[in-house]
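Peer 1: Protein sequences, first through last, are from chains A and B.
Residues in the first sequence are numbered consecutively from 124, following this note's numbering.
Residues in the second sequence are numbered consecutively from 7, following this note's numbering.
Quick caveat, the hints were computed from the structure, so don't treat them as lab data.
Backbone N, C-alpha and C define an ideal beta-carbon position, used for all residues, glycine too.
Possibly wrong hints are sitting among the right ones.
Unchecked claim - From the structure, some residues in chain A lie toward chain B, with a derived Cβ separation under 10 angstroms: (1) H144; (2) F220; (3) I258; (4) S272; (5) L276; (6) L305.
What follows is the residue order along each chain.
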Amino acid sequence: MVQPLGYLAETPSQTAGPYVHIGCMPNFVGNAGIYSADLSVRPFPNGAPGTRISVTGRVLDGLGTPLRDAMLEGWQAGADGTFGPGSAGHSRFAANFQTGEWRLETIKPGPVPMEDGRLQAPHISIWIVARGINIGLATRIYFDDDDHSGDPLMARIEHKDRAATLIAKSTGDREYAHDIRLQGERETIFLDI
Amino acid sequence: MTTAPLVHRDRASHPPAYTPRYKTSVARSPQLPLLAMRSTPTEQSGPVFGHSQLGPLDNDLITNFTQGRERAIGERIIVHGRVLDGFGRPVRGALVEIWQANAGGRYRHKNDGYFAPLDPNFGGCGRTITDEDGSYEFHTVRPGAYPWPNGPNDWRPMHIHFSVFGAAFGQRLITQMYFEGDPLIPRCPIVQTIGAPEAIDRLVAPLDMNRALPMDSLAYKFDIVLRGRRQSVFENKPEGT
Ligand SMILES: [Fe+3]
Chain A
124 MVQPLGYLAE TPSQTAGPYV HIGCMPNFVG NAGIYSADLS VRPFPNGAPG
174 TRISVTGRVL DGLGTPLRDA MLEGWQAGAD GTFGPGSAGH SRFAANFQTG
224 EWRLETIKPG PVPMEDGRLQ APHISIWIVA RGINIGLATR IYFDDDDHSG
274 DPLMARIEHK DRAATLIAKS TGDREYAHDI RLQGERETIF LDI
Chain B
7 MTTAPLVHRD RASHPPAYTP RYKTSVARSP QLPLLAMRST PTEQSGPVFG
57 HSQLGPLDND LITNFTQGRE RAIGERIIVH GRVLDGFGRP VRGALVEIWQ
107 ANAGGRYRHK NDGYFAPLDP NFGGCGRTIT DEDGSYEFHT VRPGAYPWPN
157 GPNDWRPMHI HFSVFGAAFG QRLITQMYFE GDPLIPRCPI VQTIGAPEAI
207 DRLVAPLDMN RALPMDSLAY KFDIVLRGRR QSVFENKPEG T
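Required output: the full structure, derived from the provided sequences and hints.
Peer 2: Written as structure tokens, this is what we have:
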């Protein structure tokens, strides 16, 4: 026998279920008057510096059906590549109950330096929860009008054709489209970071 | 803002993505391996929520739906505990959000069609921020068990959904708290997505008579552990900002 290490095991995850909205965005789902405002409806205050962009997309299951009960969170740097202050840069948004489409209106993040000085290409960290998802899925959104060649995470991707699953496509003036596929053909890259 | 690297997530603590007895997971589970990498400043930082973003009744589900005018129906309970990291350090300033069914097992959500009635005085959500020692407390009513379409006769045990933010976005966690002694726990396909019985036990809150309020409320204690962040042996600062 040896001494016990004494570290605590992480609390196990459980699915957020179909009613996650009443806990995390009650005003969005019509339960007004409990909280003065849902948190992180807008990731940045009005007037924050940077280019305003929007990303629209869907989360698709293995049969290609959009999830209509998913909730997503984003965490990103501001235009200057730094995080915060406070909750700035954090966003919460939900799939439309009819169509499954979600829309994130935010600011284009700047490149984020690593501790070793390498630059990460502009990206938004995305976390997805829903009924049927036992532990929140982490992924990223990059942008197709940036250079990803020096990005440390992109460099880790073994199957290079899968990198496209992390890159939002420009569809117009400051508009991007990005579908997330949970399984099947073109399954999105999910992260264990 | 601190940027200590995160200790890797021990996936053995968690349910796998694909758990066929919980049918919805079948088409919603990634099948390719996750891309592993050491944490970057993106995962090592996270949003910091302040008390100014919360209201005074946010952690009292008995009264927050009516803003104190009426009280919800059900067994009054206190749910309290601490948020810690894997090194046992308190996570202070952590946002903890909960949501639950009412005493009859019905959610105030447009997609919940169970015929148990809504309680006109119960909304079903609460939120709070942990203290210096990582502690939090909610006042609520015991949620009812409810049936759900999975197997032909599946019921969810009484449970409260928890969403927790640590200091780092990579610590983000959503889970569910169950109640000591509930006979539906071993019968629930969602609980049983977790393989190890020992891990299930860590989601079951014991009755805590030391915190019960006589002639008022019973109490349950639910501690939450988030992933740790690396530290040198000489550091023993509380988690958080
Ligand atoms: Fe539930």
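Peer 1: Where does the structure disagree with the numbered hints, that is, which hint numbers, in rising order?
Peer 2: 4
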